[in-house]
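Keeping their order, the protein sequence lines are chains U and L.
In short: position in the first sequence from 1, add 1126, done, that's the numbering used here.
In short: position in the second sequence from 1, add 1126, done, that's the numbering used here.
Since the hints were made in silico from the structure, they are not lab data.
Beta carbons are placed, not taken as given, at the ideal position from N, Cα and C, and that holds for glycine.
Hints are supplied without guarantee of correctness; some may be wrong.
What the hints assert, rightly or not - Here are some chain U residues the structure puts well away from chain L; computed CB gaps all over 12 Å:
(1) Gly1178
(2) Ala1203
(3) Ser1216
(4) Ala1231
Stated by the list, open to error - Listed next, the stretches of chain U that the computed footprint assigns to chain L, with coverage defined by at least 3 CB atoms under 8 Å from CB atoms of chain L:
(5) 1237-1246
(6) 1299-1305
There are 2 protein chains.
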Amino acid sequence: MDTSRSAATARPRSMSCRRRGPVLERAILDAALEQLSTVGWNGLTMEGVAAGARTGKAAVYRRWPSKEDLVADALQAGIPSLGDAPDHGSVREDLYQLCRRMRAAMYSKPGYALRSVLHECDTSTAERFHALILGGVIEPSIRLFEEVVHRGVARGDVRADATGSLVCDVIPAMMMYRSKVCGSEWDDADIAAMIDQVMVPLLRPRAG
Amino acid sequence: MDTSRSAATARPRSMSCRRRGPVLERAILDAALEQLSTVGWNGLTMEGVAAGARTGKAAVYRRWPSKEDLVADALQAGIPSLGDAPDHGSVREDLYQLCRRMRAAMYSKPGYALRSVLHECDTSTAERFHALILGGVIEPSIRLFEEVVHRGVARGDVRADATGSLVCDVIPAMMMYRSKVCGSEWDDADIAAMIDQVMVPLLRPRAG
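Isolated chain U (complex conformation) (with noise of 0.2 Å):
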């Protein structure tokens, strides 16, 4: 079916059809995302922006006026949300459903970018994006394991002295560790292994 024919018949003005403010803002946003997680933050241009937004390199322009401005913006828009802290009872579950909902992240177009943007740029401009970074994905991530930990201790699955914060660290840096050095996908069965063989001994009571 020829719909721009149709669309041409119903509007007079091309014109109209104009996409404008929110829609276009989000348009380019995300062909910015769809840009570092194909070709990287070094291969990202304004003009394959435009073109992926179908829309002209100065409307890019007018609203970022730098690649560094547009990409920080497209990362604060995109950034998976992990949402609450999971509570299944046990925290051996708990840390299992957390891993599978950052594997989702981390495999999400906004998670190529992030991951892109943090391995390719330079130190002064990945010092641009530093603050965001940690603000928007690892704090959060932290705070929900914190939150699985305190409750694990209360239970009383988790040792009471489990609360360094090198420990919540330890699953993020796995995940980014294996998928960077050994090219893991982080399937079901290597999360529950990175459970039972680090987690579980790690946090639990020493009188066991």
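For this one, chain U is given, so just place chain L on it according to the hints.
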């Protein structure tokens, strides 16, 4: 002092100053590591390496037909050895010493070069270096951790079932993650905190 003039006086043919064979090769490989650790994988050029080694581009291309070939050899030749597993009578002290050696390797010139390759390469290029990094860096360090853990099991300060493959990934994962994400430089106190908060509880025998 004009050394070029006195050298020209002493040696009638300047050709006799030209470095050949292994000496020139070593200079080129060193220059490649230097480039990787300063301008990174994306910034490295054969011209830049030739300039750094004070030789011509042809001398580089004669030995290495591509940037990938040159970098593979430079990494292979430069990967620092971690030595034998430390043996100080406790798993806590052995892990502490091993982490200090890993930190020295991470912040050495070949260490920066390796991470630049790991982080910056696109997937198809990175695959080419993957076997090299696995065989030259990851596997040797895992063997040292395994030896320290097995000695701890024999001595009694490590639980007998702490032999899963994921346990030996925790320290390298934490060191990569916090250096990349939190900008940690892993001073001695950071290393000690990781061992006391994470590794000692993870490894200790259950009957505590």
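Structure-based check of each hint:
Distance check for Gly1178 (chain U) against chain L: the nearest CB is about 19 Å away, which clears 12 Å, and the non-interface claim stands. For Ala1203 (chain U), the shortest C-beta to C-beta distance to chain L comes to about 21 Å, beyond the 12 Å cut-off, and the non-interface label holds. No Cβ of chain L comes within 12 Å of the Cβ of Ser1216 (chain U); the nearest lies about 18 Å off, and the non-interface call holds. Interface exclusion of Ala1231 (chain U) from chain L stands, the closest Cβ pair being 15 Å apart, more than 12 Å.
Counting residues of the stretch 1237-1246 of chain U whose beta-carbon sits less than 8 Å from any beta-carbon of chain L gives 3, enough to reach three: the coverage restraint holds. A stretch counts as covered by a chain when three or more of its residues have a beta carbon under 8 Å from one of that chain; for the stretch 1299-1305 of chain U and chain L the count is 5, and the coverage holds.
The structure agrees with every numbered hint stated previously.
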